[in-house]
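J.: First to last, the protein sequences are chains B and A. Residue numbering for the first sequence follows our numbering, beginning at 1 and increasing consecutively. Residue numbering for the second sequence follows our numbering, beginning at 1001 and increasing consecutively.
Take the hints with a grain of salt, since some may be wrong.
Below, in silico cross-link-like pairs of lysine-lysine (DSS-like), each with a Cα-Cα straight-line distance of 25 Å or less [said to hold, decoys possible]:
#1 B:K284 to A:K1154
#2 B:K168 to B:K16
#3 A:K1197 to B:K318
#4 A:K1234 to A:K1257
#5 B:K318 to A:K1032
#6 A:K1257 to B:K17
Note that these hints are calculated values from the structure, not bench results. For clarity, every value in this text was computed on a predicted model and none was experimentally measured.
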Amino acid sequence: MSKVMIYGEIKGGKLKKTAFELASAGRKIADELGGDLGAVLIGNEVEQFAPDLALYGVDVVYAVEAPEFESYNTEYFAQALAHVIGEKQPEIVLLSHTMQGKDLAPRTAAKLGVASVADCVSFELDGGKLVGKRPMYAGKCFATWTATQSPQMASARPNVLETTENQKEGKVEKISFSPDTSRPTYATQNLNLDTSGKVDLTEAEIIVSGGRGMGGEDYSLIEETAAIFGPTCTVGASRAAVDAGWRPHSDQVGQTGKTVTPNLYVACGISGSIQHLAGMGSSKVIVAVNKDPEAPIFSKADYGIVGDLFKVMPEFNKELKALLEE
Amino acid sequence: MKSLVCLKQVPDTETQIKVNSEGTGIVTEGIKYIINPYDEFSVEEALRLKEKFKEGEVVILAVGPDRATESIRTALAMGADRGIHINDESLNQADPYAVAEALAAAARDVEYDVVFCGHRAIDDDFGEAGAMLAELLQVPQVTLVTKVEVSDDKKTAGVERDVEGGTEVVEVPLPCVLTSQKGLNEPRYASLPGIMKAKKKPIDKKTAADLGVSSEARLESHVYSMPPERQAGKKYEDMEPAEAAKIVVEALRNEAKVI
Ligand SMILES: Cc1cc2nc3c(=O)[nH]c(=O)nc-3n(C[C@H](O)[C@H](O)[C@H](O)COP(=O)(O)OP(=O)(O)OC[C@H]3O[C@@H](n4cnc5c(N)ncnc54)[C@H](O)[C@@H]3O)c2cc1C
Ligand SMILES: Nc1ncnc2c1ncn2[C@@H]1O[C@H](COP(=O)(O)O)[C@@H](O)[C@H]1O
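Bound-form chain B, shown alone:
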């Protein structure tokens, strides 16, 4: 019987890092409650991940394997997750607020007749109840929330919770479950994934963003910056750049785009509108490059360079390259 249960997301045959973030947070909660931590894995050959999860404190992996789980499908995965939760009766269930988690958590919650405290940046226990702190209004304020019914479901923002090793035995329990395929659902016809290995904005550790100041769709200058930073870095954009058609809408940072919390956010040619700041204001360190000394972005930036980005960024790239190659 696991008191705390996490859902481990598998992508491209690998367990996502967020699973270890959940495991680490779940371990702490389980210890405080005095119970076991379980992890639900749905897919094919998912048992292989049990040792990895055990390293981060998972006592038992519940492996749900069936041909229908070959690729992600909302209805089938939600059925499977709800089934394991129903069977094991955990008090607390944690998912990651990733693209998949956003789709899966509310559907599963609804099957169980509960709601989920979505997108938490921290957890604590209060009288045995899980309290999640989460941004609202895209980060313009925060609030603590609890789920009042059992199981208490919550999701965690990726990249925020710390991972801590805590070796456990790593038991595996196979759950035999086949989804009810008579329930209508969609069929995937095509998956067009960016194979460049680019990290998603919401999971990037460093983001270099370009706004209207980029002057056009040529982003090679800051794409180079991103390349120098390496694979944990990706390029973002302001809405002005997206609306101009320079960048895909999935690159938009802000209140109606993505809310991001990287370690470093470099804003190039972005004025710092309230909507943009809402989406990136929680970044650990902000650098701004803007030719207007009065641009609002400077009031939030830890390091601001007043100047033409087409003159500053080539130098920035040069310095960065020299430093990182040392």
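Knowing the structure of chain B, use the given hints to seat chain A with the ligands on it.
T.: Frame of chain B, contents of chain A with the ligands only:
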């Protein structure tokens, strides 16, 4: 082609959010309200589908206080046919499950091929009501939708959705719930004749009792707080680009320790 569009009224994105002195919520005085931007994409898409099929209906469904009428009227002015306004004190601060229950109860009296929701409301940022509504209606969901093509017989739709690091193309049987994402379309503005016509379009008012829902809170908020105030840091002005770049890059390593 019949669409039901779930629409939430939310504070304008320009709003400076302030937490009240008790820390129990935000200061609501002086807030200007707008249609949740993602719900605006939904309205537009529903209108386009009706236009394409040259028949059907677009129904706007909103849960909210009196002021929500204004947003329903805006959607009617864009071209939607009628509105349903669930106005009930017990649902004003409701969690996504309670909202989804109310939406589902109202949806049962409406004919639809597609139900549109936004993928999230930009006030509470839960992003749950759409999927919950789909479950309660026992229909499939496709979330984060950027393209919709309904088959001529209206039995299926080809849908493009955002997934991590790319897009997914799915075929979904109708009826279903779709949740709108940026990129779906460019919403139209209400025209002057549209605004005039909207005044005469019906808005059906309902209470929780009318719908037979009694919402039990499933989520509870406690303490609201402001994010730590960010201080302006160092600013390098009137400096050679090379020099400023060097200082900042070095500071990122030695001072901020992020690289
Ligand atoms: C409902 C709604 C939702 C919105 N949601 C979002 C959102 O999610 N995300 C978002 O970003 N915006 C959003 N916006 C838009 C927002 O209000 C701003 O219009 C937008 O953020 C401006 O983008 P920008 O900073 O790139 O452009 P601008 O405000 O035009 O700023 C460009 C900046 O570039 C600088 N610049 C120009 N040339 C150079 C150069 N050569 N070198 C250096 N600097 C240069 C200028 O000094 C200026 O400060 C939203 C707006 C609305 C109404
Ligand atoms: N009060 C409401 N009235 C109508 N629709 C709503 C309401 N709350 C949420 N929704 C719908 O559900 C979507 C997601 O909302 P949320 O789960 O609150 O982020 C919104 O974009 C709306 O389409």
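J.: If a hint holds in the structure, say so; if it doesn't, say that too.
T.: Structure-based check of all given hints:
1. B:K284 to A:K1154: violated, 49 Å
2. B:K168 to B:K16: holds, 19 Å
3. A:K1197 to B:K318: Violated. A:K1197 to B:K318 sits at ~61 Å, over the 25 Å cutoff.
4. A:K1234 to A:K1257: With Cα atoms ~16 Å apart, A:K1234 and A:K1257 stay inside 25 Å; holds.
5. B:K318 to A:K1032: Violated, at roughly 46 Å.
6. A:K1257 to B:K17: This hinted pair holds, its Cα atoms lying about 22 Å apart.
Hints 1, 3, 5 from the list above are not met by this structure, while the remaining hints are.
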